[in-house]
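Engineer: Quick mapping for you: the protein sequence lines, in order, are chains A and B. Residue numbers for the first sequence follow my numbering, so the first one is 1 and each next one is one higher. Residue numbers for the second sequence follow my numbering, so the first one is 1001 and each next one is one higher.
Since the hints were made in silico from the structure, they are not lab data. Don't take each hint at face value.
What the hints assert, rightly or not - Restricting the straight-line Cα-Cα distance to at most 25 Å, the calculated cross-link-like pairs of lysine-lysine (DSS-like) are: (1) B:Lys1117 to B:Lys1173; (2) A:Lys302 to A:Lys401; (3) B:Lys1367 to B:Lys1321; (4) B:Lys1207 to B:Lys1245; (5) B:Lys1367 to A:Lys401; (6) B:Lys1220 to B:Lys1207; (7) A:Lys401 to B:Lys1164; (8) B:Lys1367 to B:Lys1327; (9) A:Lys401 to B:Lys1327.
Stated by the list, open to error - If you want the footprint, here are the derived chain B segments under chain A, 3+ residues with CB under 8 Å: (10) 1045 to 1057; (11) 1168 to 1182; (12) 1214 to 1223; (13) 1342 to 1353; (14) 1378 to 1388.
What the hints assert, rightly or not - Just some of the chain A residues that point at chain B, by a computed CB distance under 10 Å: (15) Glu165; (16) Phe169; (17) Asp318.
Note that the Cβ used here is the ideal one computed from N, Cα and C, for glycine as well.
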Amino acid sequence: MTEPTAHPVSRRRLLGGGVAAAGIVAGAGAFAAGRLTESDPAGAASRPASYAFRGDHQSGITTPAQDRLHFAAFDVLATADRDDLVELLKAWTAAAERMTRGEPAGEIGPVEGATNLPPDDTGEAIGLPASGLTITFGFGPSLFRDADGKDRFGLADRRPEALEELPHFPADVIDAGRSGGALCIQACADDPQVAVHAIRNLARIGFGTVSVRWSQLGFGRTSTTSTSQSTPRNLFGFKDGTANVKAEEADALDEHVWVDGSDDQAWLAGGSYLVARRINMRIETWDRQPLGDQEMFVGRSKGEGAPLSGGKEFTEPDFDMGGSNNEPIIPTDAHVRVVHPDANNGVRMLRRGYNFVDGSDPLGGLDAGLFFIAYVRDPRTQFIPMQLAMSRQDALMEYLKFTSSAIFAVPPGVRAGEYVGQSVFA
Amino acid sequence: MKRTLVATLLVALPVLAACGTESTKQSAGDGDAADARRVAVESSDDACGLSGTEAPAGTLTFNVANSGSEVTEFYLLAEDGLQIVAEVENVGPQSTKPLTTQVPAGNYVTACKPGMKGEGIRADFVVTESDAADVTADDQELIDQAQDNYAAYVEDQSAQLLVKTGEFVDLYKSGDDDAARTLYADARTHWERIETVAESFGDLDPKMDAREADLAPGEKWTGWHLIEKDLWPARAEGYQALTDKQRATYADDLLANTETLDGRIQELTYTIDEIANGSRGLLEEVASGKVTGEEEYWSRTDLYDFQANVDGAKVGFEGVKPILEQKDPDLAEQLQARFDELEVLLDAQRAGGGFTLYDEIEQDEIKALSDAVNALSEPLSRLTAAVLA
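Next comes chain A alone, as it looks inside the complex (with noise of 0.2 Å):
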């Protein structure tokens, strides 16, 4: 970002607000200092300050999981069209870009233009680094075809068969009101205040074509999307996405993440869906369960995170290993055995989880959990099925609760001279 430069003369600075103006400028850069230091010490120093917007795939993906996330869904207002669909992306595309690089959401900046207007980027990161921003856009089924089962942009015959609204799951209790949504934006970076700008500008510029539907808040990656990262842990203690689809595997991507040019629509080859969940835990009520059980509703050890058949933290869980009473050492609803590849028909998920905590209930609880997030290649093969065996069998479930649920298709990357999602109008 760059440096404020002069100012004119404005009514404000003859009457003093200059110096506070200056003085605020200069804490935030102190503040992001002392922040950046403290999150994630050994992940962030290793990694870039900011990776490139532009590729083959989206980042935000297979990039090393930031520690921060704010995502947040839209809907399309009755009054836009397809072309104000199409302008707002390409100019969701440039402000992306730019806040990626560090810079300001607008041409101009927080500071730099007139003063008789409102600044074309809300300043609140002035003096911030790019904390590895990535900016990741999604389309939802309604953009395709409304819930009346209205055409309104054209594009029903290039909505994939894939993308539908998800069913309703054994156990779920989903509010409508954070749920679903006709496009989304997940914004993850090193410093909440980042992402936070970045979602905010977006939001700001999409105003008159969308509005946000819902929004969540996540600190506390919970899967580890790289093998350069060590491994996690979610609010109930334990380590989190062990055996997650990393970026380094190119062959699990291509099998379990990338959408093929073969598999429906050409215009998501690259691309791939994203499967949003919010996970509320009973966080009061797991607390009071003995170690001894918390393990075996895993089925991994809470210290080393090893599976309760023994070894390290990859060791491989043998499923068939026998325990005492005639009974597997690891349970056999343990939710280490209900969602793993060998349940599941050999099906992974990249997964790329945030913790949440949103305040209190109103009985003092915490209103907590797992921000789930998954990219998988068919929803339909993959998550839908792992969702609803573990519905069904997983000891965890009776310590969650699914409070919100939402399906995008998320295009490919966007290449040199395109805006993000392109090939969907093209």
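For this one, chain A is given, so just place chain B on it according to the hints.
Structural biologist: The following block gives chain B in isolation, referenced to the frame of chain A:
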């Protein structure tokens, strides 16, 4: 739907054995003696190595490390080599589990059992007299009594559930909806008092107690809550009342499942840790479904279930209380006080022979109930370990 008891059955330990993190008691001021009471055990495929063959009486911790390739178990046996004093099961290869247990002075036999087969690799172990050896006398009588009482309680509640369910389905089938509504929460009280036992039958629980949201697409809904919705359809959008024929089908199905449940309950026995865990599990049910008003979505009779869960939890607690009073009198006293505090709050919600409907309870009262449940549940989560110590 629920797995609380199933899970606890899997970790069921013999009486007097406790498997957990190292006891806080032993660090209480007895310095070197504490170290002498820690024994490292290495269990390989063909050896059972102990860091010592002798320890002072009191709380002993055997830290069992499995260096072999198969699952192992470790036993502390009485001098006769037959009676199990304490054991730790399911120690996976390359993993470690502690076994903490109170042992009086005497001669013992230790055994590692790699592969969990045969009589294991055995050795003699001596526990010497010690000042800290505050080991209680054999309390087998108290244990037997608690187990018998609890089994009798569950059987009695099941019998009452069966009778009232029969009356309930008759009223419902005959279209006497007002009377059926009056009996609904009353009959369910007997289910809720023994909920952790009743729902441990994974085939019956979904058929009897599933809520609509628990179902996957295409799954058939039956049981209490389907009938509840039909009797209290006010919150349902565009609800189509069941026909007389449908009513009879679901009513008969519920009664038949209740009969099956009652038959199976006659066969059950309960270990002391199952009773203690059941008490904890029932409070969990309160915290996750009743205090939040999620269980009885249509009838709003959540507080009846709340009271019934607490009743069942209290019976479990009172059953093991004589044992707890010997092992941890402070915890016994604290639990008794917190049960009493919760009862006072529940009593304040009594109305006309029953309870205030969930919608009519003030938010600050719900919060107070929730706080009391948390206050009780925290010490209650230490009950099983304390009873087994």
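Engineer: Does each hint fit the structure? Answer for all of them.
Structural biologist: Status of each hint after checking the structure:
Note on Lys1117 of chain B and Lys1173 of chain B: the hinted pairing is violated, with a Cα-Cα distance of about 56 Å set against a maximum of 25 Å. Proposed proximity of Lys302 of chain A and Lys401 of chain A is supported: the alpha carbons are some 22 Å apart, at most 25 Å. Restraint check for Lys1367 of chain B and Lys1321 of chain B: the C-alpha separation of about 29 Å exceeds 25 Å, so the hint is violated. A C-alpha spacing of about 19 Å is found between Lys1207 of chain B and Lys1245 of chain B, which places the hinted pair at or below 25 Å, so the restraint holds.
About 20 Å separates the Cα atoms of Lys1367 of chain B and Lys401 of chain A, which keeps this hinted pair within 25 Å; it holds. Between the alpha carbons of Lys1220 of chain B and Lys1207 of chain B the distance comes to roughly 9 Å, so the proposed pair stays at or under 25 Å and holds. At roughly 32 Å between alpha-carbon atoms, Lys401 of chain A and Lys1164 of chain B are farther apart than 25 Å, so this suggested pair is violated. The suggested pairing of Lys1367 of chain B with Lys1327 of chain B is violated, with an alpha-carbon distance near 33 Å, which exceeds 25 Å.
Of the pairs offered as hints, the one joining Lys401 of chain A and Lys1327 of chain B is violated, with about 38 Å between alpha carbons and a cut-off of 25 Å exceeded. Only residues whose beta carbon comes within less than 8 Å of a beta carbon in chain A count, and the segment 1045 to 1057 of chain B has 0; fewer than three means the coverage is violated. Counting residues of the segment 1168 to 1182 of chain B whose CB lies closer than 8 Å to any CB of chain A gives 0, so the stated coverage by that chain is violated, three being the minimum. Look at the segment 1214 to 1223 of chain B against chain A: 5 of its residues bring a Cβ nearer than 8 Å to a Cβ of that chain, three or more, so the hint holds.
Counting residues of the segment 1342 to 1353 of chain B whose beta carbon lies closer than 8 Å to any beta carbon of chain A gives 0, which falls below the threshold of three, so the coverage claim is violated. Figure legend: the segment 1378 to 1388 of chain B, annotated as covered by chain A; annotation consistent (5 residues with Cβ-Cβ distances under 8 Å, at least 3 required). For the restraint placing Glu165 of chain A at the interface with chain B, the shortest Cβ-Cβ distance is roughly 12 Å, beyond the 10 Å limit, so the hint is violated. The interface hint given for Phe169 of chain A holds, since its Cβ lies 6 Å from the closest Cβ of chain B, which is under the 10 Å cut-off.
Evaluation of the Asp318 of chain A hint against chain B yields a held restraint, the C-beta minimum of about 9 Å falling below 10 Å.
The structure shown violates the earlier hints numbered 1, 3, 7, 8, 9, 10, 11, 13, 15.
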